[in-house]
Amino acid sequence: MADEEVRERRIVVAVDESEQSMYALSWCLENLVCDSESGNVKDTLILAFARPPRTVYTALDGTGYLFSTEVVDSMEKYSLEVAASVIAKATAICKDLKHVKVDTKVGCGDARDVICDMVEKVGGDILVMGSHGYGLIKRAFLGSVSNHCAQNVKCPVLIVKKPKA
Amino acid sequence: MGEKKKIMLAIDESDVSHYALEWALSFLKPTISSPLLLFHAQPLPSFSYVYAGYGTAPTELIQSVQEHQTKITEALLERAKEICAREGVIAETLTELGDPKDVICAAAEKFGVDLLVLGSRGLSTLQRTFLGSVSNYCVHHAKCPVLVVKKPA
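Chains E and L, in that order, give the protein sequences.
Position one of the first sequence corresponds to residue 16 (this note's numbering), numbered consecutively onward.
Position one of the second sequence corresponds to residue 52 (this note's numbering), numbered consecutively onward.
Please note: incorrect hints may appear among the correct ones.
[To be verified] Interface residues of chain E toward chain L, partial, derived using beta-carbon atoms under 8 Å:
| # | residue |
| --- | --- |
| 1 | Tyr38 |
| 2 | Val56 |
| 3 | Lys120 |
| 4 | Gly124 |
| 5 | Cys131 |
| 6 | Glu135 |
| 7 | Gly138 |
| 8 | Val172 |
| 9 | Leu173 |
| 10 | Ile174 |
[Said to hold, decoys possible] Once the Cα atoms are required to be at most 25 Å apart in a straight line, the calculated BS3-like pairs of lysine-lysine come out as:
| # | chain 1 | residue 1 | chain 2 | residue 2 |
| --- | --- | --- | --- | --- |
| 11 | E | Lys179 | L | Lys80 |
| 12 | E | Lys169 | L | Lys161 |
| 13 | L | Lys194 | E | Lys116 |
| 14 | E | Lys116 | L | Lys152 |
No wet-lab data here; the hints were simulated from the structure.
Don't be surprised by glycine CBs; every beta carbon is placed ideally from N, CA and C.
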């Protein structure tokens with residue numbers, strides 16, 4: 016028993032501003048992550064956040080509207096603030112972990128692609144995400160990030176739904 | 052992490068199910084509480100092709116098809132149980148008759164599992180629309196978290 020090799024697991028958790036993803040993160044900490052000093056499992060937790068891309072408005076737009084640089088800058092600043100607050104919230108949930116390394120990564124772009132690329136880049140063994148729990152129609156219009164990731168990511172995907180209270 | 056969790060693994064005869072079992076045993080070892088529930092959904096036998104010739108399916112045919120299916124199920128579950136035993140995990144086997152999607156979700160609820168593990172055949176979007184996807188259905192309808200394992204290319 017003593018000479019069992021140490022198993023390293025890289026767990027990627029995709030977070031966004033929603034409560035569901037924070038619930039998924041806490042579920043993951045309670046149920047999946049091993050925070051023990053002894054034992055043969057060493058976990059690394061990677062928090063991945065996708066920031067929506069900076070929208071570019073061209074002057075050839077039919078309406079003739081062109082956002083001034085100030086507006087675009089303030090939108091960008093807001094998006095960075097949202098990213099920082101989400102990462103802070105997620106890190107706060109993880110603050111009690113003593114033997115698990117916590118890493119945070121922020122990517123810019125469409126959530127689906129950002130998450131898939133990040134998992135590959137980071138070499139994740141498993142991706143954990145929350146799900147908004149949309150019905151069929153909402154899914155058709157809003158799209159589902161968790162659905163897309165579950166189909167396209169190379170590693171196993173764990174989808175945690177927040178139970179309706 | 053608190054106490055160990057009750058985990059149910061839904062398997063069928065596909066390769067990816069076998070891979071999901073092996074992967075789950077290695078990755079989830081610290082979390083699995085004994086016993087690990089191995090669930091196999093037996094599809095309802097379809098006799099539509101027989102009606103053309105006979106009018107109604109003869110009882111012996113129905114019986115022999117059902118026996119054959121039961122044998123396949125038992126062999127599959129026994130093999131899975133052995134794989135678990137090899138890794139030092141006690142497994143309990145279960146089977147239900149019916150459409151896999153509904154039956155898996157119902158069983159997960161009945162046994163109050165904390166995590167459901169499924170393999171995914173990795174169908175394309177078009178194939179999914181026509182053939183349906185059990186893992187997709189379970190992700191949306193199961194009350195507990197679902198872990199979908201794909202076989203790496």
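Status of each hint after checking the structure:
The beta carbon of Tyr38(E) comes no nearer than 10 Å to any beta carbon in chain L, farther than 8 Å, and the hint placing it at the interface is violated. Contact between Val56(E) and chain L, as hinted, is supported at the beta carbon level, the nearest pair being about 5 Å apart and thus within 8 Å. Interface restraint check for Lys120(E): the shortest CB-CB distance to chain L comes to about 21 Å, outside 8 Å, so the restraint is violated. Look at Gly124(E): its Cβ only gets to about 21 Å from chain L, farther than 8 Å, so that hint breaks.
Nearest Cβ of chain L to the Cβ of Cys131(E): about 13 Å, over the 8 Å cut. The hint is violated. Because the smallest distance between the Cβ of Glu135(E) and any Cβ of chain L comes to about 12 Å, over 8 Å, the interface hint for this residue is violated. Among the interface hints, the one on Gly138(E) is violated; its C-beta lies about 13 Å from the nearest C-beta in chain L, farther than the 8 Å criterion. With its C-beta approaching chain L no nearer than about 5 Å, Val172(E) sits inside the 8 Å limit, and its interface hint holds.
With a least beta-carbon distance of about 4 Å to chain L, the hint placing Leu173(E) at the interface is held under the 8 Å criterion. Given hint, Ile174(E) at the interface with chain L, holds; its Cβ is 5 Å from that chain's nearest Cβ, closer than 8 Å. A hinted pair counts as satisfied when its Cα atoms are at most 25 Å apart, and Lys179(E) with Lys80(L) does not qualify at roughly 29 Å. Taking the CA atoms of Lys169(E) and Lys161(L), the gap is about 31 Å. The hint is violated against a cut of 25 Å.
Restraint check for Lys194(L) and Lys116(E): the C-alpha separation of about 30 Å exceeds 25 Å, so the hint is violated. With a C-alpha separation of about 37 Å, the suggested pair Lys116(E) and Lys152(L) falls outside the 25 Å cut-off, and the hint is violated.
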